[in-house]
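Chain residues, written in single-letter form:
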Amino acid sequence: MNDDDLRLLVRDSLSERAEDLPAATPSWDRVRGGLVGVRRERRRRQALAAGALALLVAVGVVGVQSSSLTALRRADPANPDGLRVAGDPAFGRTTVGSLGRDDAFLAGVRREVLARGTFVVETLQPGTGAGDLTVAFAGDVGDVRLVLVEAPTRSGPDGDIDTFLWFSAPRGASATAVVAGEVSSEAAGATTQIWRPAPGGPATAGGTGAYVVLSRIPGSVVRTATGPTYDAGGRQPWSVRTVPAASDHHWEVAVPWSDRFVSPMWTSGPEGTSWSALDPPFTDGTGTGLLDGAEPALHSDRPARDAAIESAFAAAQTASGVPVARSTRRLLWTGSAGVFSTSVVAVTVPGGAHVVTAVREQLEGDNVLPVSRSTVVLPAGPLDRVAMAWALGPPDEDGTTGLAALGPVGATTMTVTDDRGRTSSETLIYEYADASVVNPVTVEFTDLTGATLARVPVTALEAGVAPPTG
Amino acid sequence: MSADESQFRDFVLHRWPQLVRYAYLLTGDATQAEDLVQVALERSWRHWGRIRSDNPEAYVRTAVARGAISRFRARSRRVAEAPFDDVVADRRSATPDGAQARAERDAVWRQLAVLPPRMRAVVVLRLWEDLTVEETARVLGCSTGTVKSTLSRATDRLRASADLRELAGVRAADDTEVTR
Chain V
135 MNDDDLRLLV RDSLSERAED LPAATPSWDR VRGGLVGVRR ERRRRQALAA GALALLVAVG
195 VVGVQSSSLT ALRRADPANP DGLRVAGDPA FGRTTVGSLG RDDAFLAGVR REVLARGTFV
255 VETLQPGTGA GDLTVAFAGD VGDVRLVLVE APTRSGPDGD IDTFLWFSAP RGASATAVVA
315 GEVSSEAAGA TTQIWRPAPG GPATAGGTGA YVVLSRIPGS VVRTATGPTY DAGGRQPWSV
375 RTVPAASDHH WEVAVPWSDR FVSPMWTSGP EGTSWSALDP PFTDGTGTGL LDGAEPALHS
435 DRPARDAAIE SAFAAAQTAS GVPVARSTRR LLWTGSAGVF STSVVAVTVP GGAHVVTAVR
495 EQLEGDNVLP VSRSTVVLPA GPLDRVAMAW ALGPPDEDGT TGLAALGPVG ATTMTVTDDR
555 GRTSSETLIY EYADASVVNP VTVEFTDLTG ATLARVPVTA LEAGVAPPTG
Chain X
-19 MSADESQFRD FVLHRWPQLV RYAYLLTGDA TQAEDLVQVA LERSWRHWGR IRSDNPEAYV
41 RTAVARGAIS RFRARSRRVA EAPFDDVVAD RRSATPDGAQ ARAERDAVWR QLAVLPPRMR
101 AVVVLRLWED LTVEETARVL GCSTGTVKST LSRATDRLRA SADLRELAGV RAADDTEVTR
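Chains as they are written, first to last, in this note's numbering: chain V, 135 to 604; chain X, -19 to 160.
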């Protein structure tokens, strides 16, 4: 297949997928609600309580026969190989969960939902009756009582849709209290629903949270990975296990906050299964910010106070999985060239290891747009001994790569060795330098006397957190 | 509703489907696509007064593309990706007569899904959006040389995929059969 044929095929494939995607314009109210939702979600993330990364949950899909995302999103719960009939409940009419057979409770939930009528930005369609509401899940998991209701809601002038409403309250709460409590909404249509734990939420009050997955995609798998983030050697001793299904289409896991966790985002496409995680808690509930009390850069004494540096800290904190209160942060180096800003920061986790992240960003007015990011995890040791070399972008056609390096305090020269053993040297300023090098492999840092202080491999572009293993 | 909000509303309602499809091709995930667009729109609204008279769509598309390739996802961070081994079926037995082209497009889509985000973004911007090398470089914040080399590597990877090679073999065999 020649280049032209291949590119034509790629173009056709992309066009076909784009056309297949049902991307109907929502009503303005819904979009505006979504913008509010983005802010709400961000606040929710920021409110996550302190703790060490300990539980990572992955939801994988295997054995899906269809390669069409559209078909997956429309899969009939009763007949996964066919198309879902509009109006059918996504997860069938049977309620799963520990309260699935508590008819009085379920009737109470329906009654309270009808009485309330409006949830976040959703309003029930006029004429909705109890029979139109499907309670897909109801149960106590951990210290949380969760209820998932699929309800017909109004979507403004563009038509009506079904909406999933998640209600949460403390374990044992009455139907009235549950429906009056926290609610989050999500458009129905997909064949998966996930309740992600919110350790700071009032429903948990620091107790045991809940992680619940409902999926009608055949062969769905839920796995958890638990363990401390990094030990002193910078290793991640993950413990991975498969969560047994609680029914033919749901899984539930109680999450002890003492263990802490990062929960996944569901990816329902047939392309692959992935480990993924919510942002880690950035605050400990006391308002501690990422830049609060941050010392100037270790290598240049430049102050740690702009948005780009905060963004770098956020990236490193995310990679560490450890909240602000249980880690320490230090700006190692920062500088700007034109519209590009580069910052190297370290987050030191309780085990003593350093999660070092180098972020390059483009400043555009008040905006900070990410360009590249690389992270390495280094064993415990003094921060002034940290050394890192990383690619700033993909290599050009001849292998020329933008390379940046930060050496230990006292380093004055970096010597880059390429894949053919050739070397080139650059003078460091504040122990930092960047250069364009063909296929760089390692970087050696030396001081004024020529003594070697460190030798490190070049970290690939956008290197990130290693996946759980085991 | 203020004049600004009215103008922003018109922009959003008019461009929503295209933006979501664009984000979908960049991410391969419809849910992430909507999230990306929402975040990009929120950012745009904050700066609407400045960008409205310039080229707001370019601004939003840049934000979406940067968001797609960055690890600063709106709702989550992807820690690692694993290939979707078990979905691979026998393409020939699953392909009805005359559906060869569709099977090839499916195979391409699967291969695109496992490209690194930046590489995938270059493919989408250059081959679907029809941006020039310079425009693609501007959107992604990299050099034109990087765009060229990334696209070259992406096409190499696509061409090298076992699925596509297999399908090309089937097509060649079919062509031979027809010739006879």
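Quick caveat, the hints were computed from the structure, so don't treat them as lab data. Being a predicted model, the structure only gives us computed values, none of them experimental. Heads up, the beta-carbon is just placed ideally off N, CA and C, and yes, glycines get one too. Misleading hints may appear alongside valid ones.
Straight-line Cα separation of at most 25 Å, DMTMM-like style, residue types lysine to aspartate or glutamate; simulated pairs [said to hold, decoys possible]:
#: 1; chain 1: X; residue 1: Lys128; chain 2: V; residue 2: Asp553
#: 2; chain 1: X; residue 1: Lys128; chain 2: X; residue 2: Asp110
#: 3; chain 1: X; residue 1: Lys128; chain 2: V; residue 2: Asp440
#: 4; chain 1: X; residue 1: Lys128; chain 2: V; residue 2: Asp154
#: 5; chain 1: X; residue 1: Lys128; chain 2: V; residue 2: Asp532
#: 6; chain 1: X; residue 1: Lys128; chain 2: X; residue 2: Glu109
#: 7; chain 1: X; residue 1: Lys128; chain 2: X; residue 2: Glu115
#: 8; chain 1: X; residue 1: Lys128; chain 2: V; residue 2: Asp139
#: 9; chain 1: X; residue 1: Lys128; chain 2: V; residue 2: Asp530
#: 10; chain 1: X; residue 1: Lys128; chain 2: V; residue 2: Asp137
Taking CB as the label site, the calculated pair distances span [stated by the list, open to error]:
#: 11; chain 1: X; residue 1: Arg30; chain 2: V; residue 2: Ser232; range: 36 to 42 Å
#: 12; chain 1: V; residue 1: Ser558; chain 2: X; residue 2: Arg118; range: 45 to 51 Å
#: 13; chain 1: X; residue 1: Asp(-16); chain 2: V; residue 2: Val473; range: 41 to 47 Å
#: 14; chain 1: V; residue 1: Leu425; chain 2: X; residue 2: Arg32; range: 39 to 45 Å
#: 15; chain 1: V; residue 1: Val473; chain 2: X; residue 2: Ser132; range: 38 to 44 Å
#: 16; chain 1: X; residue 1: Arg30; chain 2: V; residue 2: Gly367; range: 46 to 52 Å
#: 17; chain 1: V; residue 1: Gly251; chain 2: X; residue 2: Asp(-16); range: 52 to 58 Å
#: 18; chain 1: V; residue 1: Val543; chain 2: X; residue 2: Ser132; range: 37 to 43 Å
#: 19; chain 1: V; residue 1: Arg554; chain 2: X; residue 2: Ser123; range: 21 to 27 Å
Computed footprint of chain X on chain V, listed as stretches where at least three residues anywhere in the stretch have a Cβ under 8 Å from a Cβ of chain X [unchecked claim]:
#: 20; segment: 542 to 552
#: 21; segment: 567 to 573
- Query: Looking back at the hints listed earlier, which ones does the structure fail to meet?
  - Reply: Of the numbered hints given earlier, those the structure breaks are 3, 4, 11, 12, 13, 14, 15, 17, 20 and 21, listed in rising order.
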